[in-house]
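Colleague: Top line first, the protein sequences correspond to chains B and X. The numbering of the first sequence is the working numbering, which starts it at 1 and goes up by one. The numbering of the second sequence is the working numbering, which starts it at 1 and goes up by one.
Treat the hints loosely; a few may be bogus.
[Claimed, not checked] A partial selection of chain B residues facing chain X, derived with a Cβ cut-off under 8 Å:
1) Tyr-306
2) Glu-308
3) Gly-311
4) Leu-318
5) Pro-347
6) Asp-348
7) Met-384
8) Ser-385
9) Leu-387
10) Gly-390
[What the hints assert, rightly or not] Computed beta-carbon distance windows for the label pairs:
11) X:Asn-30 x B:Phe-29: 44 to 54 Å
12) B:Gly-379 x X:Ser-76: 31 to 41 Å
13) X:Asp-90 x B:Glu-365: 35 to 45 Å
14) B:Pro-292 x X:Met-1: 33 to 43 Å
15) X:Ser-119 x B:Thr-363: 52 to 62 Å
16) B:Leu-387 x X:Ser-119: 19 to 29 Å
17) X:Leu-5 x B:Glu-194: 54 to 64 Å
18) B:Glu-31 x X:Met-1: 35 to 45 Å
19) B:Pro-389 x X:Ser-119: 21 to 31 Å
Keep in mind that the hints were calculated from the coordinates and are not lab data. C-beta: ideal position from N, C-alpha, C; glycine also.
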Amino acid sequence: MEQRSVIYLDHAATTPVHPQVVEAMLPYFSERYGNASSLHTLGREAHQALEQARADVAGILNCSPVEIVFTSCGTESDNLALRGAAWMNRQRGDHIITSSIEHHAVGHTCEQLERNFGFEVTYLPVDEHGLVDPAAVERAIAGTTVLISIMYANNEVGTIEPIAEIGEIARNHGIAFHTDAVQAAGALSLDVQELNVDLLTLSAHKFYGPKGVGVLYVREGLEILPVLTGGGHERGLRSGTENVAGIVGLAAALKLAEERREEESQRLRALRNRLVGGVLSSVGHCRLLGHPDSRLPNNASIAFEYVEGEGILIGMDLEGIAASSGSACSTGSSEPSHVVTAMGVPPDVARGSLRMTLGHENTEEDVDRVLEVLPGIVGRLRAMSPLYPG
Amino acid sequence: MYSELVMKHFSDPQNVGVIEDADGVGKVGNPMCGDVMEMFIKVKDERIDDVKFRTFGCGAAIATSSIATEMIKGKSLDEAVQLSNKAVADALGGLPAQKMHCSNLAADAVRAAIEDYWSRQKGAKDEAVQPEG
Numbered sequence: 001m002e003q004r005s006v007i008y009l010d011h012a013a014t015t016p017v018h019p020q021v022v023e024a025m026l027p028y029f030s031e032r033y034g035n036a037s038s039l040h041t042l043g044r045e046a047h048q049a050l051e052q053a054r055a056d057v058a059g060i061l062n063c064s065p066v067e068i069v070f071t072s073c074g075t076e077s078d079n080l081a082l083r084g085a086a087w088m089n090r091q092r093g094d095h096i097i098t099s100s101i102e103h104h105a106v107g108h109t110c111e112q113l114e115r116n117f118g119f120e121v122t123y124l125p126v127d128e129h130g131l132v133d134p135a136a137v138e139r140a141i142a143g144t145t146v147l148i149s150i151m152y153a154n155n156e157v158g159t160i161e162p163i164a165e166i167g168e169i170a171r172n173h174g175i176a177f178h179t180d181a182v183q184a185a186g187a188l189s190l191d192v193q194e195l196n197v198d199l200l201t202l203s204a205h206k207f208y209g210p211k212g213v214g215v216l217y218v219r220e221g222l223e224i225l226p227v228l229t230g231g232g233h234e235r236g237l238r239s240g241t242e243n244v245a246g247i248v249g250l251a252a253a254l255k256l257a258e259e260r261r262e263e264e265s266q267r268l269r270a271l272r273n274r275l276v277g278g279v280l281s282s283v284g285h286c287r288l289l290g291h292p293d294s295r296l297p298n299n300a301s302i303a304f305e306y307v308e309g310e311g312i313l314i315g316m317d318l319e320g321i322a323a324s325s326g327s328a329c330s331t332g333s334s335e336p337s338h339v340v341t342a343m344g345v346p347p348d349v350a351r352g353s354l355r356m357t358l359g360h361e362n363t364e365e366d367v368d369r370v371l372e373v374l375p376g377i378v379g380r381l382r383a384m385s386p387l388y389p390g
Numbered sequence: 001m002y003s004e005l006v007m008k009h010f011s012d013p014q015n016v017g018v019i020e021d022a023d024g025v026g027k028v029g030n031p032m033c034g035d036v037m038e039m040f041i042k043v044k045d046e047r048i049d050d051v052k053f054r055t056f057g058c059g060a061a062i063a064t065s066s067i068a069t070e071m072i073k074g075k076s077l078d079e080a081v082q083l084s085n086k087a088v089a090d091a092l093g094g095l096p097a098q099k100m101h102c103s104n105l106a107a108d109a110v111r112a113a114i115e116d117y118w119s120r121q122k123g124a125k126d127e128a129v130q131p132e133g
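Isolated chain B, as found in the complex:
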């Protein structure tokens, strides 16, 4: 085992590519480099790999391979789902329902549909734990509603939304339902039949696959307009030569993630509880963000009062620990996280948020190291803070 120089606690941002995934991908760069649309042997080899990957992904999503569309990333999948369904149904209606805590790939796409395409969007509020109320979804439905998009699990605070319940409501009203499941893969079931979803987004680099490749599940019979037009790849829904190596990697990574999902979730949940419990008991004036139980097993999001999240991040980085923050300063925007403020956390407290997301290579020693240094980092910043009552 090689010595790790960094304790990486930012798996919600991205994950290292699993060595087995790299191995699966390698032949498709320089040996089996054919275009999957070509008729010759090299092309057929690529096509075969592509279709095997499609079948593997479909198996895990419990759907038919023709319902799997490969894209370049989670953001593209979200864009295709939202624009595709909205544009296709423009004659039928102009109303979209989403939540106020979506990833920007959904949120900003909705805003553009509003601003430039004349759609009306309802942004549902969430409760203090970040939960969307299914009854509120049903109340928001109008005769003109053509799409509902609610994320499966939140990327910042880890709250898991009641997707199956919302999906049932959408289905009863005959409205297409999309979920951004980017954070859920490897932790939660992706069975689209159980989840009652018509459109579902995945991104390979969140589950130990490569960057630059994603999936959009599109239920058969649901018509959406393509965003990328051209050679008619992916059933005409996503033109562009397929990223065969990336797609092979995505499928290999998803299979591995699914195989170890339950065992790994249990392990991460125990580690996460040790981390959260340790922080809350050793650092005063802080709180867990997100739902106490219905949350991703690897997510520890904590808001520290009287300090700025970026200071904590730099302090941890200097100790060789990589984490993330919803703080405005660290993202270069002027506002604190829209997710944390939507949960009713005051903006000054939201600014002290720290997100630690555990992953496969993390150990109990990693958690204990964080618990060793974090109280000192927060304490030092508080001693400097004019807001800290002492």
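Based on the hints, put chain X in the right spot on chain B.
Modeller: Frame of chain B, contents of chain X only:
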């Protein structure tokens, strides 16, 4: 994204704290939407004899506060009040563009502290001139 000097001042900030019997105090910013800086000065012979700060904000905010205290310590009030936010950023070897606005308030805090000192002096003088006020 931060220069080495920013990291140095963040890791080992100079002149952190409060001066209980300060001659001037400057407080700038707002925790709801930006950083908050507090600057305390002691004045002797119209010079900054001592200075301390407290800051709520990101790494850049802490580093600018720290270097600003070093830049004004021992300077005359007339010199110190001329300190600009740009000069502070330059002294740190520059700041990332998005930090120039939100986290570069140290010179404002210095100016507020000196103006507070001057207004206290003026108040004392007014009282001396019009004791029956």
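Colleague: Hint by hint, note whether the structure agrees.
Modeller: Results for each hint:
no.: 1; hint: Tyr-306; in the structure: 7 Å, holds
no.: 2; hint: Glu-308; in the structure: 5 Å, holds
no.: 3; hint: Gly-311; in the structure: 6 Å, holds
no.: 4; hint: Leu-318; in the structure: 6 Å, holds
no.: 5; hint: Pro-347; in the structure: 5 Å, holds
no.: 6; hint: Asp-348; in the structure: 4 Å, holds
no.: 7; hint: Met-384; in the structure: 5 Å, holds
no.: 8; hint: Ser-385; in the structure: 4 Å, holds
no.: 9; hint: Leu-387; in the structure: 5 Å, holds
no.: 10; hint: Gly-390; in the structure: 10 Å, violated
no.: 11; hint: X:Asn-30 x B:Phe-29: 44 to 54 Å; in the structure: 53 Å, holds
no.: 12; hint: B:Gly-379 x X:Ser-76: 31 to 41 Å; in the structure: 37 Å, holds
no.: 13; hint: X:Asp-90 x B:Glu-365: 35 to 45 Å; in the structure: 43 Å, holds
no.: 14; hint: B:Pro-292 x X:Met-1: 33 to 43 Å; in the structure: 35 Å, holds
no.: 15; hint: X:Ser-119 x B:Thr-363: 52 to 62 Å; in the structure: 58 Å, holds
no.: 16; hint: B:Leu-387 x X:Ser-119: 19 to 29 Å; in the structure: 25 Å, holds
no.: 17; hint: X:Leu-5 x B:Glu-194: 54 to 64 Å; in the structure: 55 Å, holds
no.: 18; hint: B:Glu-31 x X:Met-1: 35 to 45 Å; in the structure: 40 Å, holds
no.: 19; hint: B:Pro-389 x X:Ser-119: 21 to 31 Å; in the structure: 27 Å, holds
In summary, the structure is inconsistent with hint 10 from the numbered list given earlier, while agreeing with all the others.
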